[in-house]
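Read in full-length UniProt numbering, the sequence shown has 158 at position 158, and its numbers run on one by one without any break.
Incorrect hints may appear among the rest.
Per label pair, the in silico range of CB-to-CB distance [claimed, not checked]: (1) Gly48 to Glu145: 36 to 46 Å; (2) Leu47 to Glu145: 32 to 42 Å; (3) Arg185 to Val113: 42 to 52 Å; (4) Tyr171 to Pro45: 23 to 33 Å; (5) Val83 to Leu122: 21 to 31 Å; (6) Gly142 to Ala194: 39 to 49 Å.
Hints in this document: simulated from the structure, not taken from any laboratory. Bear in mind that the values here come from a model prediction, so they are computed numbers and not experimental data. Virtual Cβ for every residue (Gly too), placed ideally from N, Cα, C.
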Amino acid sequence: MELFTYYRSTSSYRVRIVLALKGLDYQALPVNLIAPAGGEHRQAPYLGINPQGRVPALRTDEGDLLVQSPAIIEYLEERYPQVPLLATDLVARAHVRGVAALIGCDVHPLHNVSVLNRLRQLGHEEPQVVEWIGHWISQGLGAVEQLIGDEGYCFGPLPGMADVYLIPQLYAAERFNISLEAWPRIRRVAALAAVHPAFIKAHPANQPDAP
1 MELFTYYRST
11 SSYRVRIVLA
21 LKGLDYQALP
31 VNLIAPAGGE
41 HRQAPYLGIN
51 PQGRVPALRT
61 DEGDLLVQSP
71 AIIEYLEERY
81 PQVPLLATDL
91 VARAHVRGVA
101 ALIGCDVHPL
111 HNVSVLNRLR
121 QLGHEEPQVV
131 EWIGHWISQG
141 LGAVEQLIGD
151 EGYCFGPLPG
161 MADVYLIPQL
171 YAAERFNISL
181 EAWPRIRRVA
191 ALAAVHPAFI
201 KAHPANQPDA
211 P
């Protein structure tokens with residue numbers, strides 16, 4: 001498999017965690033989102049891979065090109081079920097997917113670089129942009145804190161799909177100087193992930209395009 005990725009992209013980070021948890025080999029193909037010429041994601045070669053011009057994208061072993069991290073993650077879960085990210089119980093699966101969607105649909109998109117750049121283009125000063133970021137991340141993590149369990153990872157002793165979404169979001173929180181002090185459950189999950197080999201392997205600092 002080939003993963004078109006960017007080291008600091010939280011959606012790419014999610015997919016890297018899944019690949020690592022499942023022990024799947026892949027080739028990382030970095031896409032520079034901040035290249036001087038305007039970013040490789042905006043150039044014709046990459047737009048031919050993903051017309052939206054975003055990462056990640058995954059080329060499967062069979063040669064199919066997949067886009068959007070939720071779709072890629074669900075594909076990997078179904079194609080390689082031997083290390084499951086979801087429980088067998090339908091209600092438990094829905095709880096996990098609910099936390100993943102809260103982060104992937106309601107939190108991350110609001111501080112995506114394209115949204116932040118649009119706010120700047122509309123005349124918002126940097127302190128306003130920073131306040132925007134802090135508001136939405138804090139609101140989302142406050143909800144996650146109430147939805148996850150009291151022991152282990154988000155929903156038990158093994159990492160699953162909710163953790164795949166949460167840990168990259170915490171990386172974003174760290175980047176924007178958002179304290180986790182108010183959320184002890186989240187801090188517990190973060191501590192477990194910090195020493196787990198798959199999460200370490202997928203971390204932005206350990207990617208080939210990290211500066």
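Hint-by-hint comparison with the structure:
1. Gly48 to Glu145: 36 to 46 Å: Given a distance of about 42 Å, which is inside 36 to 46 Å, the answer is holds.
2. Leu47 to Glu145: 32 to 42 Å: Holds, since leucine 47 and glutamate 145 (Cβ atoms, about 39 Å apart) stay within the stated range.
3. Arg185 to Val113: 42 to 52 Å: This hint is violated: roughly 29 Å between Cβ atoms.
4. Tyr171 to Pro45: 23 to 33 Å: 28 Å, holds
5. Val83 to Leu122: 21 to 31 Å: 44 Å, violated
6. Gly142 to Ala194: 39 to 49 Å: 21 Å, violated
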